[in-house]
Amino acid sequence: MTAGWAAVPADLSVYLAALKLQRQFSLPTREVLVCLEDVRGSFSGGSLNSLCSLEPVNIAPFDLSPVPRTEQQVAKNGVLPPPNALDVQIVDELGVLVESTHAQIEKTLVGRSWGLYAGHGPDFPSPEGYGEDFFFSSRMRCSNALSALMFRTSLSLLTNAITKIPPIRYLAARMFPPGTGPSEEARRSHYFKYRLLAIADNKGAEPVPKVEVKFAYGGDPYVFTGVALTQAALVLLQGIIPAHRRGGILTPATLGEEFVARLKQPEAGVEIEVEVLSE
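Residue numbers are given in this note's numbering: position 270 of the sequence shown equals residue 270, and the series is strictly consecutive.
The hints are simulated quantities; they were obtained by calculation from the structure and are not laboratory data.
A few of these clues could be false.
Distance windows between CB atoms, simulated [to be verified]: (1) E275 to L229: 23 to 33 Å; (2) D63 to P207: 27 to 37 Å; (3) S26 to S156: 35 to 45 Å; (4) M150 to N77: 18 to 28 Å; (5) A268 to A75: 27 to 37 Å; (6) L237 to R174: 32 to 42 Å.
Calculated cross-link-like contacts (lysine-lysine; reagent style DSSO-like; alpha-carbon spacing at most 30 Å) [unchecked claim]: (7) K210 to K20; (8) K264 to K76; (9) K214 to K264; (10) K76 to K20; (11) K20 to K193; (12) K214 to K20; (13) K193 to K214; (14) K210 to K76; (15) K20 to K164; (16) K210 to K193; (17) K193 to K264; (18) K214 to K76.
The beta-carbon is built from N, C-alpha and C at its ideal position, and this holds for glycine as well.
Please work from the sequences and hints to get the whole structure.
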């Protein structure tokens with residue numbers, strides 16, 4: 001399984017939101033938008049070298065799901081205001097958003113979690129898991145529409161330059177070899193904060209329940225990866241969770257509430273809050 005900072009906050013927050021909607025309202029989930037609200041950190045040489053070695057791959061959100069889904073079965077849109085032609089999205093509760101740098105990883109991971117929970121009623125409060133019309137997106141918050149457009153354009157140019165132009169890829173790999181990265185002093189000021197908005201599938205009835213999940217870590221994202229891996233290993237070694245009965249390639253969400261409880265321990269240092277916004 002993967003337990004890095006590009007995986008755990010989104011996947012685990014989706015699980016918690018769907019669980020809250022099911023337990024409190026007995027409703028499946030229609031849409032989840034996870035937003036990287038704030039982050040301070042920097043690339044390591046290892047991450048940059050991984051980027052240099054990437055090859056373009058076209059993968060759909062549910063391609064890793066153990067439950068097959070046809071194109072007709074997958075919801076094409078959510079119920080929140082969609083992104084405009086420049087891929088900038090404005091959501092009242094979250095602000096101005098642009099697609100996250102982790103979007104493809106998070107979409108496929110959440111899609112696999114959807115499939116692992118679908119059809120397993122005894123292990124999840126709802127027989128259909130997250131919901132048949134479940135729609136997920138991953139975004140980053142920007143201060144305004146102009147900064148969102150500039151970020152999206154800059155990131156696209158940088159990624160294409162590193163992955164598709166051999167001289168630039170070679171130069172980047174030589175300048176930042178694996179093992180290089182921010183100093184210990186710099187890492188002390190690093191942190192990240194996620195916010196998630198989940199909307200119930202109320203089949204058009206009003207009011208529509210909404211759930212917010214906040215997931216924050218007051219430390220370096222790379223340190224968080226080590227913390228999450230350690231706690232995930234302890235869950236698998238010491239806990240009794242649905243994943244033990246299923247096996248296979250797991251996701252953070254399949255480690256369930258025991259994983260959440262371990263991450264919230266003072267020694268782990270992760271802050272996780274789940275709140276109903278409206279009913």
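Going through the hints against the structure:
1. One distance hint, 23 to 33 Å for the beta-carbon pair E275 and L229, holds here, with the actual separation near 28 Å.
2. The supplied range of 27 to 37 Å is met by D63 and P207, whose beta-carbon atoms lie about 35 Å from each other.
3. A beta carbon spacing of about 42 Å between S26 and S156 agrees with the range 35 to 45 Å that was offered as a hint.
4. Take M150 and N77: their Cβ atoms lie about 26 Å apart, and the range 18 to 28 Å holds.
5. Remark: the range hint 27 to 37 Å for A268 to A75 is upheld by a beta-carbon distance near 34 Å.
6. Distance hint check for L237 and R174: the Cβ-Cβ separation is about 40 Å, which falls inside the suggested range of 32 to 42 Å.
7. Of the supplied pair hints, the one linking K210 and K20 holds, its CA atoms being roughly 10 Å apart against a limit of 30 Å.
8. The suggested pairing of K264 with K76 is violated, with an alpha-carbon distance near 35 Å, which exceeds 30 Å.
9. Among the hinted pairs, K214 with K264 is consistent with the structure: their alpha-carbon atoms are about 12 Å apart, no more than 30 Å.
10. At roughly 24 Å between alpha-carbon atoms, K76 and K20 fall within 30 Å of each other, so this suggested pair holds.
11. The straight-line distance between the Cα atoms of K20 and K193 is roughly 20 Å, inside the 30 Å bound, and the hint therefore holds.
12. Of the supplied pair hints, the one linking K214 and K20 holds, its CA atoms being roughly 13 Å apart against a limit of 30 Å.
13. Of the supplied pair hints, the one linking K193 and K214 holds, its CA atoms being roughly 7 Å apart against a limit of 30 Å.
14. Restraint check: the Cα-Cα separation between K210 and K76 comes to about 20 Å, which is no more than 30 Å; the hinted pair holds.
15. This hinted pair does not check out: K20 and K164 have alpha carbons roughly 43 Å apart, beyond 30 Å.
16. For the proposed pair K210 and K193, the alpha carbon gap of about 20 Å is at most 30 Å, so the pair holds.
17. As the CA atoms of K193 and K264 are separated by approximately 15 Å, the hinted pair is consistent with the 30 Å bound.
18. Using a Cα cut-off of 30 Å, the hinted pair K214 and K76 holds, with the two alpha carbons roughly 26 Å apart.
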